[in-house]
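Trainee: Given only the sequences and the hints, what does the whole structure look like? Please build it.
Chain by chain, the residues:
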Amino acid sequence: MNIKFTLIIYFLFFINALKAQDKVKDTLFFKLDNYLYQLKFDSKQYIIKDNYNIKDGAIYFETFKIVTTAKPKEILCFRKYAKTANLYMINNPKQLNDVKVSKLFDNYIIILISKKNKQTTYTEVGPVFRIE
Amino acid sequence: MKWKTKSHIKVIMILCIALLMFDCQNDENLPDEPQNKIETVTSDEAKNFLMHSRNNFSVKSVNKELENLEFNKISQEKINGSDQLLTVIPFASNSNHENNRILLLKIDNEIKSVVFSMYADEDSDKGNFSGKLFSYSLDGTFINGFRAKDGIIIGQFFENSIALKNNMENEKTSTLTRKSPIQLNEVVVKGKPSKTVDALDVFGASGMFNDFDSGSTYYSWDAGGGYAGITTPTSMEIIDGLTGKSKCLNSLLNQNGNLFVQKLLANFSGKSEFDIKISSVDKVMVKDAQGNLIELNGETTYTSKINPSLINISISTSRSNDQSALDATRTILHEYIHADIIRKLYTRNNIPEALAFNKVYEKYGNQHGTMAALYLSSMKEALKEFHKNVLTEDYIKYTNYYDEAPSDAFYEALAWGGLKESNVKAWEDLPADKKAEIDKLANRAILLSKAAPCSN
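Chains as they are written, first to last, in our numbering: chain A, 1 to 132; chain B, 1001 to 1456.
Please keep in mind that the hints were generated in silico from the structure rather than gathered at the bench.
Backbone N, C-alpha and C fix where the C-beta goes; we use that ideal spot for every residue, glycine too.
Worth double-checking, as some hints may not be accurate.
Unchecked claim - Computed footprint of chain B on chain A; a stretch qualifies when at least three of its residues, placed anywhere within it, have a C-beta under 8 angstroms from a C-beta of chain B:
| # | segment |
| --- | --- |
| 1 | 39 to 48 |
| 2 | 54 to 65 |
| 3 | 89 to 95 |
Claimed, not checked - Label-pair ranges, simulated between beta-carbon atoms:
| # | chain 1 | residue 1 | chain 2 | residue 2 | range |
| --- | --- | --- | --- | --- | --- |
| 4 | A | D50 | B | K1435 | 19 to 29 angstroms |
| 5 | B | D1408 | A | N107 | 24 to 34 angstroms |
| 6 | A | Y81 | B | T1392 | 29 to 39 angstroms |
| 7 | B | E1273 | A | K115 | 37 to 47 angstroms |
| 8 | B | P1308 | A | K116 | 28 to 38 angstroms |
| 9 | B | A1451 | A | D33 | 46 to 56 angstroms |
| 10 | B | P1352 | A | T120 | 40 to 50 angstroms |
| 11 | B | I1351 | A | K83 | 24 to 34 angstroms |
| 12 | B | L1355 | A | R79 | 21 to 31 angstroms |
| 13 | B | L1310 | A | K116 | 31 to 41 angstroms |
| 14 | B | K1425 | A | N86 | 14 to 24 angstroms |
| 15 | B | E1039 | A | Y81 | 43 to 53 angstroms |
| 16 | A | D50 | B | P1308 | 22 to 32 angstroms |
| 17 | B | V1188 | A | Y81 | 53 to 63 angstroms |
To be verified - Sample of chain B residues lacking proximity to chain A, with all beta carbon distances greater than 10 angstroms (derived):
| # | residue |
| --- | --- |
| 18 | A1092 |
| 19 | A1120 |
| 20 | S1137 |
| 21 | G1140 |
| 22 | G1298 |
| 23 | D1322 |
| 24 | S1377 |
| 25 | E1428 |
| 26 | A1432 |
| 27 | A1436 |
| 28 | A1442 |
| 29 | A1451 |
Mentor: Laid out in structure tokens, this is it:
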């Protein structure tokens, strides 16, 4: 009976630990390139090629803060990641589905990595949807 | 030993199943079939009904209280379990401790109205209402009463006829919202406690607690707008930061917009999942990827990670002042529709409607494509009614100038503003002559009056 009781307690702790782990957001690191890049005219905005037409609806990233972080284990290419995660509109392979992008990235900490003069900057960003 | 291990596995499996069942348990029983036919009372119908009622009351005090109604704050609130809306008009005398509102609903084709009063206890907080809720007929007759604690109904009041009779004889007057709970008997609610009030019960048309126990259909109202329980009433959660002409037109649209507009705005009322902040800015300017500066009539922005419940709308003052009043109203409505599409797409409630709307969104490719396909006809009707009923002087001028009343095609042409420029599929599919006709009719809007009909 005691063993049974101990097992149940262990099991409950195990479930609790799993649930607690769920709440910690993972971090995704993306490199800047000619697909995901800083807007020349507004350094706080990072735009995605073919997806910055505010007249039709733009999805882009906005700077939250500059962070200091340990060297990431994996740096992702946004274009490849978006393709693998099926973030594009079904009928238009160039256009991102803003809802899918926002809903997915809301679950992660997104950090963009830029390198200038041998210095690496880590910028935490979040998705923004904007339309006329 | 083997037997013991088997037994442990069994216990763990039962525990797992129990946990899964708790996770999936749904708090509410969804209704099957409605009991009474209910319909929305439009703002105009509500005003006419109450004006007519005023003339019919001989008691002066009742008339005086009806004069105290804030018709400019009329709103239409969601009825859970129905797509119809409850029309709500607050009294000017409302305070933190006492809140009186007139509720109107068509029940079985007849307009019913009641005074709904909420008396907050001293320890009541804004999020979870504690206190008493009563509904009375317009002549002051008690209909129903409830006691709420921390947003949950825990008791119901019944009329004590002897005490009531004595009191009536002493006072010799009948006024709205006046019957003290001292004249009533109170019972504690048994069974499942409710976080809402039964919309029909408030009107005295059904038996509230029978419905909850049996799990059969009921129409419930949040009585303040809370998903989590009854809350202290709040005004519509559309934060108005507009100025000048835009402010005037937006407030007229909120008060006098047709049923489509009222239903759309009701989705943001009370403690809704999304709020709107609508503000005026001198100019809405954006730079495209090439750095070209573009001026817009207005824009809608949503940043889910920073504020998942807020949709921001900016309206250009410079553009609004330049446009005709009707076209400026069209811009405001256009942005509200963007907010509505965002609400449907970005909801965190995993409901089938949201999944279905996401598929529709994929089909039309973007928000303007979706708006053109699904909202154009409603926009046309909303603009038509607003022009005729609110911008009436302008409507008459148009009719005199063109020697004809504005056609449906004219309002449709207006509704295409901000959509056809995006070359959405619905526009591209139109034949060339139809497109030319729309462009020609849309140009008539330039001749309309720019002035907004507000005194200040």
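Trainee: The structure should be examined with respect to each hint, and the outcome stated for every one.
Mentor: Each hint tested on the structure:
Note: the segment 39 to 48 of chain A has 5 residues with beta-carbon separation from chain B under 8 angstroms; the three-residue rule is met and the coverage holds. With 6 residues having a beta carbon nearer than 8 angstroms to a beta carbon of chain B, the segment 54 to 65 of chain A meets the requirement of three or more and the stated coverage holds. Counting residues of the segment 89 to 95 of chain A whose C-beta lies closer than 8 angstroms to any C-beta of chain B gives 5; at least three are required, and the coverage claim holds. Distance hint check for A/D50 and B/K1435: the Cβ-Cβ separation is about 26 angstroms, which falls inside the suggested range of 19 to 29 angstroms.
Checked against the given bound of 24 to 34 angstroms, the beta carbons of B/D1408 and A/N107, roughly 46 angstroms apart, lie outside it. Between A/Y81 and B/T1392 the CB atoms are about 56 angstroms apart, so this pair departs from the stated range of 29 to 39 angstroms. Between B/E1273 and A/K115 the C-beta distance comes to about 41 angstroms, which sits within the given range of 37 to 47 angstroms. At about 33 angstroms, the beta-carbon gap between B/P1308 and A/K116 stays in the expected band of 28 to 38 angstroms.
Between B/A1451 and A/D33 the CB atoms are about 52 angstroms apart, so this pair conforms to the stated range of 46 to 56 angstroms. Against the hinted window of 40 to 50 angstroms, the Cβ-Cβ separation of B/P1352 and A/T120 comes to about 46 angstroms, which satisfies the hint. One distance hint, 24 to 34 angstroms for the beta-carbon pair B/I1351 and A/K83, holds here, with the actual separation near 29 angstroms. Judged by the Cβ atoms, the range 21 to 31 angstroms given for B/L1355 and A/R79 holds: they are separated by roughly 27 angstroms.
Between B/L1310 and A/K116 the beta carbon distance is about 34 angstroms. The supplied range of 31 to 41 angstroms therefore holds. Between B/K1425 and A/N86 the C-beta distance comes to about 22 angstroms, which sits within the given range of 14 to 24 angstroms. Hint check: B/E1039 to A/Y81, Cβ distance near 50 angstroms, so the stated range 43 to 53 angstroms holds. In this structure the hint that A/D50 and B/P1308 lie 22 to 32 angstroms apart at CB holds, the actual value being about 26 angstroms.
Hint check: B/V1188 to A/Y81, Cβ distance near 57 angstroms, so the stated range 53 to 63 angstroms holds. At roughly 38 angstroms from the closest C-beta of chain A, the C-beta of B/A1092 stays outside 10 angstroms, upholding its exclusion from the interface. At the 10 angstroms boundary, the C-beta of B/A1120 stays outside the reach of chain A, the nearest C-beta of that chain being 35 angstroms off. For B/S1137, the requirement that its beta carbon stay farther than 10 angstroms from each beta carbon of chain A is met, with the minimum near 47 angstroms.
Even its closest Cβ contact with chain A, about 51 angstroms, leaves B/G1140 beyond 10 angstroms, as expected for a residue assigned away from the interface. Distance check on B/G1298: its Cβ comes as close as 7 angstroms (rounded) to a Cβ of chain A, failing to clear the 10 angstroms threshold; non-interface status is violated. Against the 10 angstroms criterion, B/D1322 stays outside the reach of chain A, whose nearest CB is about 16 angstroms from its own CB. Against the 10 angstroms criterion, B/S1377 stays outside the reach of chain A, whose nearest CB is about 21 angstroms from its own CB.
Residue placement check: B/E1428 keeps its beta carbon more than 10 angstroms from all beta carbons of chain A (closest about 13 angstroms). Listed as outside the interface, B/A1432 is consistent with that label: its C-beta sits roughly 22 angstroms from the nearest C-beta of chain A, beyond the 10 angstroms cut-off. Even its closest Cβ contact with chain A, about 22 angstroms, leaves B/A1436 beyond 10 angstroms, as expected for a residue assigned away from the interface. The Cβ of B/A1442 sits about 17 angstroms from the closest Cβ of chain A, beyond the 10 angstroms cut-off, so the non-interface label holds.
With a least CB separation of 25 angstroms from chain A, B/A1451 remains clear of the 10 angstroms interface cut-off, as annotated.
The earlier numbered hints that this structure contradicts are 5, 6, 22.
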